[in-house]
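Protein chains in written order, with this note's numbering: chain E, 3 to 327; chain D, 15 to 479.
Hints in this document: simulated from the structure, not taken from any laboratory.
Treat the hints with care, as some may be off.
Restraint ranges, calculated between C-beta atoms of paired labels, are given here [what the hints assert, rightly or not]:
(1) E:V128 <-> D:A111: 52 to 58 Å
(2) D:P323 <-> E:E110: 38 to 44 Å
(3) D:A358 <-> E:A167: 36 to 42 Å
(4) D:L33 <-> E:D63: 48 to 54 Å
(5) E:S173 <-> D:Y234: 36 to 42 Å
(6) E:A167 <-> D:P323: 47 to 53 Å
Since the structure is predicted, the reported quantities are computational estimates derived from the model, not experimental observations.
C-beta: ideal position from N, C-alpha, C; glycine also.
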Amino acid sequence: MLAYILRRILYAIPILIGVNLITFVLFFMINSPDDMARAQLGAKQVTPQMIEAWKVEKGYDKPLFLNPKATGVEKISDTLFMQESLKLFAFDFGFSDANRDIGSDIKERMGPSLAIALPTFFIALVTNISLALLLVLFRGSVLDTSMMVIAVMIMSISGLFYIIAGQVLFSKVWHWVPISGYEPGWSAVKFVILPVIIGVFAGMGAGVRWYRSIFLEQMNQDYVRTARAKGLSEISVLFKHVLKNGMLPILTGVVVVIPSLFMGSLVMESFFGIPGLGSYTIDAINSQDFAIVKAMVFLGSVLYIVGLILTDISYTLFDPRVKLS
Amino acid sequence: MNLTLLWTDIMVWILIFALIGWGWVVSRSPQVKKQWHTIFRSRIAMASAIVLLFYLSFALLDSVHMRHTVQDKSGHAASAEVHYKGEMVSLLDLLFAHTIEHTERTYSAPFATHEYAKSIVVDEKDNVTRQAYLPLKYVNIPAGESEMEDIVRRSLGAIGLGLFVSLILVFLHLLLKGKERFGEKVRYVWRGETELPWRTAYLTFLLLTVTFVWLYVLSYHYHVLGTDKVGGDVFYQSLKSIRTGVLIGILTTLVMLPVSIVLGISAGFFGGWIDDIIQYIYTTLNSIPGVLLIAAAVLVMQVMMDNHPQWFETTLERSDLRLLFLIMILGVTSWTGLCRLLRAETLKISQVEFVTAAKAFGVSKWKIIFRHIMPNLMHIILISVVLDFSGLVLAEAVLSYVGVGVDPTMYSWGNMINQARLEMAREPMVWWSLFSAFIFMFILVLAANLLSDRVQTVLDPRNKS
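Chain E extracted, bound-state conformation (with noise of 0.2 Å):
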């Protein structure tokens, strides 16, 4: 088992070196320090004196790949992508344009997305999956064919829109809860509970859609057949077996994003002005600000390949059947 975690976290290593690859690509070579200069200090009339001072400021002024001065290693070492690469991987992610630890405002923002997204999660797995059971359980019926619909017309319906829609009626128009902000402690919950309740509401759509082809799948096995002639109820055949069956293809898409609610959401948290990692990401793309952005995707992909191997780990646990080697 040990050694299983240890193979997948060796394997994870190439895939974020190739994470780092496109960025130093997206963010360095497409456009050049230089051009980056420019666009940052704005005016046409940028000396090229300004220019150098700018990247000697911002430690871009190595070479891309090669530097050819550098003699031996240093050939290699002693460039642009190894010193950016080089801080990522030690989680040090330099400082914002406006001149503040990136770090530390990661880890000051983190409590507030999680605020938002854990409640969120966990509310709509399980409101998700009890209505798929119980969809499940009266399939065929009126209840099920209008509930389908009622989940399409939820998914078709931009999330943007219930956000908006949910702050004038629940801020604007009958005052219950604050229409943005955030404050520390248990005081919180007065504004993190509309955006959860709209997130679980969004989310039902498609949430309960898949649970349910997950259930239905689950009810033309071999295995339920045998349990309805052995004479079990309805109810149970659905909670005993299909239920814990259904959990195998679930952890699937679920584990995964575990790791991924740290980034919080961009749209809900700047629409609530929730002081998170989303709405983080949001005024940095906003204001340009590169080191940011590039932060945020270097985090975003670990904490994705974090939930990869989260995703095996859960299996072993769960389906004996899954050997790990």
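Starting from the structure of chain E, add chain D where the hints point.
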């Protein structure tokens, strides 16, 4: 007038002709024909397809751009050089020339005669200022009639016209279709006894056409869906946004399909190091969160476009280039899912007897791929194409909100929603921009979702139980 096609125009027309060609090839295979027949036997699928075609026709109408030639001021007809005006207009713009010219000063509600907010007016007589709702410039109600009467009178005429036009089209289609006598055909359709649900199709078509003609005719006299902050007509904006949404939905697929098909089949069929490399590429790309990769790429592209202003002459070309880039970026980030599916399926098919037999007979690898593997992957490709469409239309709105979508000067539902966000805070609320974007988007995405559901149920072999 001079025909000038934008890059995206060219791509969309190539795609349309390719689709028609593909449809013609496919229609010769009785098996595939039967499959499509089964898909459209569902009334919902038929209605959805009509809605999608309606949207597509607007997108195509908006994808033929031309430039006005400028008349020489001195009146020399045969001047040596032909000058073009900077701006380009599409066929849809020509249709809506009246609304483009007649912009108001600021917000006004649908069918309103006055502006939505009071403005300060200086009274000429006693030189005092007072607040008043200013009348709209381009809404004129004939004297002696109330607004309601005017709307009703014009609506009746417009609906009559819409019915007339659509009924003629329906009858034309009936005339050309099938071999029975015309009266018989009408009777079968009327009773809903045709094999395909033509009655539903005609009713959907009738409903859409009448609604459009009604709104269009009234748009000569009113702002049917209100006006936005700078007085632009919202109905026109919503229609212009169709092109953006539809293009992102279908062109992204066009970009992504060849990549995922080639890589997916090669990975599954050849195996070994080819498989390893392709798997590595898509795992790497997949591990970067989609929105962030798109955001990063769009940011980089913005810097590049800012540094090269010589690439485009007009703002329209600039926003078009940006749309093209966005489509390509979306394509690059979205091929991995289909690629993985195709790889798995190819692996499975490669083990089936008919392929091993072909291999044993010494059939060449390419022939095996084209004759035996490709046809068996068609249903996966098709399902994913229809499934992706609605997701991409919705993604456009989110991306535009994040600030990495289409150009802010381009008409798109995402930009409309983005703008509407601030309007909701006004008192009284400016709801019509958001409402129009919502309705237009909802109908398109709902139709796409319903159709893709049907395609999935019919084509997915797992559903045959």
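Subject >> Satisfaction of the hinted span 38 to 44 Å by the C-beta atoms belonging to P323 (chain D) and E110 (chain E) >> reply: Roughly 39 Å apart at Cβ, these two residues keep to the hinted range, so it holds.
Subject >> Supplied distance hint 36 to 42 Å, evaluated on CB atoms of S173 (chain E) and Y234 (chain D) >> reply: Cβ of S173 (chain E) to Cβ of Y234 (chain D): about 40 Å, so the range 36 to 42 Å holds.
Original post:
Is it true that L33 (chain D) and D63 (chain E) lie within 48 to 54 Å of each other by Cβ?
Top reply: With a Cβ separation near 51 Å, L33 (chain D) and D63 (chain E) satisfy 48 to 54 Å, so the hint holds.
Subject >> Beta-carbon spacing of V128 (chain E) to A111 (chain D) - inside the hinted bounds 52 to 58 Å or not >> reply: Taking Cβ atoms as reference, V128 (chain E) and A111 (chain D) lie about 55 Å apart, which means the hint holds.
**OP:** Just tell me: holds or violated, for the beta carbon distance of A167 (chain E) and P323 (chain D) against 47 to 53 Å?
**Re:** With a Cβ separation near 40 Å, A167 (chain E) and P323 (chain D) fall outside 47 to 53 Å, so the hint is violated.
Subject >> Cβ separation of A358 (chain D) and A167 (chain E), checked against the hinted range 36 to 42 Å >> reply: 40 Å, holds
Of the hints listed earlier, the one the structure fails to meet is number 6.
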